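The lines below spell out each chain.
There are 2 protein chains.
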Amino acid sequence: MTTQGYNVAVVGATGAVGEKMLETLEKKNFPINELHLLSSKRSAGKEINFKGVTYTVKEATPESFENIQIALFSAGGSVSKALAHEAVKRGAVVVDNTSAFRMDPDVPLVVPEVNEEDIAEHNGIIANPNCSTIQMVAALKPIQDQFGLSRVIVSTYQAVSGAGTKAVNELEAQSQAFLEGKELEPEILPVSGEKQHYPIAFNALPQIDVFQENGYTFEEMKMINETKKIMHDSEIKVAATCVRLPFFTSHAESVYVEVDKDNISVEQVQEVIKNADGVVLEDDVTNQVYPTPLSAAGKPDVFVGRVRKDLDNSKGFHLWVVSDNLLKGAAWNSVQIAESLIKNNWLQK
Amino acid sequence: MTTQGYNVAVVGATGAVGEKMLETLEKKNFPINELHLLSSKRSAGKEINFKGVTYTVKEATPESFENIQIALFSAGGSVSKALAHEAVKRGAVVVDNTSAFRMDPDVPLVVPEVNEEDIAEHNGIIANPNCSTIQMVAALKPIQDQFGLSRVIVSTYQAVSGAGTKAVNELEAQSQAFLEGKELEPEILPVSGEKQHYPIAFNALPQIDVFQENGYTFEEMKMINETKKIMHDSEIKVAATCVRLPFFTSHAESVYVEVDKDNISVEQVQEVIKNADGVVLEDDVTNQVYPTPLSAAGKPDVFVGRVRKDLDNSKGFHLWVVSDNLLKGAAWNSVQIAESLIKNNWLQK
Chain A
1 MTTQGYNVAV
11 VGATGAVGEK
21 MLETLEKKNF
31 PINELHLLSS
41 KRSAGKEINF
51 KGVTYTVKEA
61 TPESFENIQI
71 ALFSAGGSVS
81 KALAHEAVKR
91 GAVVVDNTSA
101 FRMDPDVPLV
111 VPEVNEEDIA
121 EHNGIIANPN
131 CSTIQMVAAL
141 KPIQDQFGLS
151 RVIVSTYQAV
161 SGAGTKAVNE
171 LEAQSQAFLE
181 GKELEPEILP
191 VSGEKQHYPI
201 AFNALPQIDV
211 FQENGYTFEE
221 MKMINETKKI
231 MHDSEIKVAA
241 TCVRLPFFTS
251 HAESVYVEVD
261 KDNISVEQVQ
271 EVIKNADGVV
281 LEDDVTNQVY
291 PTPLSAAGKP
301 DVFVGRVRKD
311 LDNSKGFHLW
321 VVSDNLLKGA
331 AWNSVQIAES
341 LIKNNWLQK
Chain B
1 MTTQGYNVAV
11 VGATGAVGEK
21 MLETLEKKNF
31 PINELHLLSS
41 KRSAGKEINF
51 KGVTYTVKEA
61 TPESFENIQI
71 ALFSAGGSVS
81 KALAHEAVKR
91 GAVVVDNTSA
101 FRMDPDVPLV
111 VPEVNEEDIA
121 EHNGIIANPN
131 CSTIQMVAAL
141 KPIQDQFGLS
151 RVIVSTYQAV
161 SGAGTKAVNE
171 LEAQSQAFLE
181 GKELEPEILP
191 VSGEKQHYPI
201 AFNALPQIDV
211 FQENGYTFEE
221 MKMINETKKI
231 MHDSEIKVAA
241 TCVRLPFFTS
251 HAESVYVEVD
261 KDNISVEQVQ
271 EVIKNADGVV
281 LEDDVTNQVY
291 PTPLSAAGKP
301 DVFVGRVRKD
311 LDNSKGFHLW
321 VVSDNLLKGA
331 AWNSVQIAES
341 LIKNNWLQK
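As given, the protein sequences belong to chains A and B, one line each in that order.
Position one of the first sequence corresponds to residue 1 (UniProt numbering), numbered consecutively onward.
Position one of the second sequence corresponds to residue 1 (UniProt numbering), numbered consecutively onward.
Fair warning: there could be bad hints in the mix.
Treat identical chains as interchangeable: a pair holds within one or across any two.
What the hints assert, rightly or not - Restricting the straight-line Cα-Cα distance to at most 20 Å, the calculated cross-link-like pairs of lysine to aspartate or glutamate (EDC-like) are:
id	residue 1	residue 2
1	Lys315	Glu271
2	Lys315	Glu235
3	Lys27	Glu86
4	Lys182	Glu172
5	Lys237	Asp310
6	Lys315	Glu258
7	Lys261	Asp310
8	Lys309	Glu213
9	Lys228	Asp310
10	Lys46	Glu19
11	Lys237	Asp262
12	Lys58	Asp106
13	Lys309	Glu271
14	Lys51	Asp301
15	Lys237	Asp312
16	Lys309	Glu180
17	Lys228	Asp312
18	Lys89	Glu180
Just so you know, these hints were derived from the structure itself, not from any lab.
Remember, it's a predicted structure, so these values are computed and weren't measured experimentally.
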């Protein structure tokens, strides 16, 4: 480490996650020597302020990564596929926030509170999991460690910001039109580029990302496959239903789990969650205390409430898990991985 | 039956469900001789148009039910508790849309497509189930009949109209304020009369109705207990998580079920749903076809989509169930019960 810090590139700096990436670097006072803001050709030329200095966004090319030590990618899977290896070739370690390499057996998929040690195995690329997966495994890890975990069934309540800035704008404009008694033709959600679009304002769409041949969406399969990889247990049964909802920030999840041990109490589950890193227990129903998307927005933690025992299965528990999808679900987790690379001297292989 | 029809009272005629009750009576051309619109003292005096005739709403008292044959109650549990037996005493049969008598062993709890024959056992009162229960059991009944049913885990996505007209107004006003960058103090949701209120606009609230001692909400316990009663199987394992969301009409439900028979295909489940009364299969993910709250609003059916097999449990299936909570979830089902009373000569005991 130089005393001044590291040369850092942020790829996709003008996007919804890129913006949070810069906020997080600033908030965590990340040791930066040179900062390079990169984007598609279309967004190049924009100016962005970071710690009082104005940076001009440049088009990301293979040569952009000369002399970069850490590259944070969040510009879509195709950009990562085209440029991540180019960055690695030039000596950078890439933290990639797309689905491009997540299931690649040579690429660690990391939530630092869950499997930080996997970062040590990297070959230049570390993948940041899907937003809805990150918050769930952060909440499940302390349960797995203490009581074992055999089954997860999750139904999600996901914010539009997970679909990017255009989806955020669509919800805002559509909501306004609806309240004025007008209709605005849907153009983005559920999935930009798909044939059918449906209104999101005052609605719920049971489709996030494209459908796979097995009838599940890609988002659902990400939750299923990534959970097993991050938790190092291909035997955990995971089922997911992912739903897009009309709010801007934070994903919420109704999670049913079955643990291995019998006779575990709600208080024991609450206790391990309370003591877990990065997880905050907000669970006092007598006083109507539980997390909501609005209460979690802007905070880096994963919030858990509504912990209760299944009434039929003595090993079953229900949880309500909420986190800011752009922070812990994306930017915050990526920067945590970068910090771990530095702290553990894992940048050089 | 007189040739002119029946003397019908609608109790709670000025409420959100009462309004749909009148719309449904009109739409179904229900055989009415005299129509009596009743309400609390506060709403008495309002005028309501029905089939071109203006009716003045009167305060509901025991004497209001003299000469009434069918009384449709939807004015809250306390009104039903105070007046339903008074109506029965005077010869009326009550169809009650509150939770007052649902779990009373002497009161049939009925979704006509599921257990119409239970109406015959009435002692003057028939209970209309909770809105979120009705649509779920309508979708599950054909599955239970054909394949057996041992386990249900549901997470709901519920519209604000289930919490009444004030909640609808709150969502509308709060959404408008939010879009203007203002904040509006929450006063109604999640539960009118509770200590804490939270914003519903662009948010999700994991509380519907008050919390019980076991950590579940009353809404969740309604789904659990009512399902077993309606489906005549106290052994079915039912778990529920109920969430209020920022849309006006229709509840959606992510439902996981385990059937008794093995080797059942998705196509077989789709087929029995397609052939069930009152249930419409909208399930073609290749063309992004699935129901949403907006697409179901204003329609009397229960819509089912996203049918898929669990990837770990060969007897497990996932469904997405959507219906208009004020129609099939309340008014439509109540009027169906009243029609069945007439059709089957079950009015007189």
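Right, here's what the structure says about each hint:
no.	hint	in the structure
1	Lys315 / Glu271	within (16 Å within a copy, 34 Å between copies)
2	Lys315 / Glu235	both (17 Å within a copy, 18 Å between copies)
3	Lys27 / Glu86	neither (29 Å within a copy, 66 Å between copies)
4	Lys182 / Glu172	both (13 Å within a copy, 14 Å between copies)
5	Lys237 / Asp310	both (17 Å within a copy, 9 Å between copies)
6	Lys315 / Glu258	both (5 Å within a copy, 17 Å between copies)
7	Lys261 / Asp310	within (14 Å within a copy, 24 Å between copies)
8	Lys309 / Glu213	between (35 Å within a copy, 12 Å between copies)
9	Lys228 / Asp310	between (23 Å within a copy, 16 Å between copies)
10	Lys46 / Glu19	within (13 Å within a copy, 54 Å between copies)
11	Lys237 / Asp262	both (18 Å within a copy, 18 Å between copies)
12	Lys58 / Asp106	neither (30 Å within a copy, 74 Å between copies)
13	Lys309 / Glu271	within (14 Å within a copy, 35 Å between copies)
14	Lys51 / Asp301	neither (24 Å within a copy, 57 Å between copies)
15	Lys237 / Asp312	both (19 Å within a copy, 6 Å between copies)
16	Lys309 / Glu180	neither (44 Å within a copy, 41 Å between copies)
17	Lys228 / Asp312	between (26 Å within a copy, 13 Å between copies)
18	Lys89 / Glu180	neither (54 Å within a copy, 49 Å between copies)
Of the numbered hints given earlier, the model fails hints 3, 12, 14, 16, 18; all others are met.
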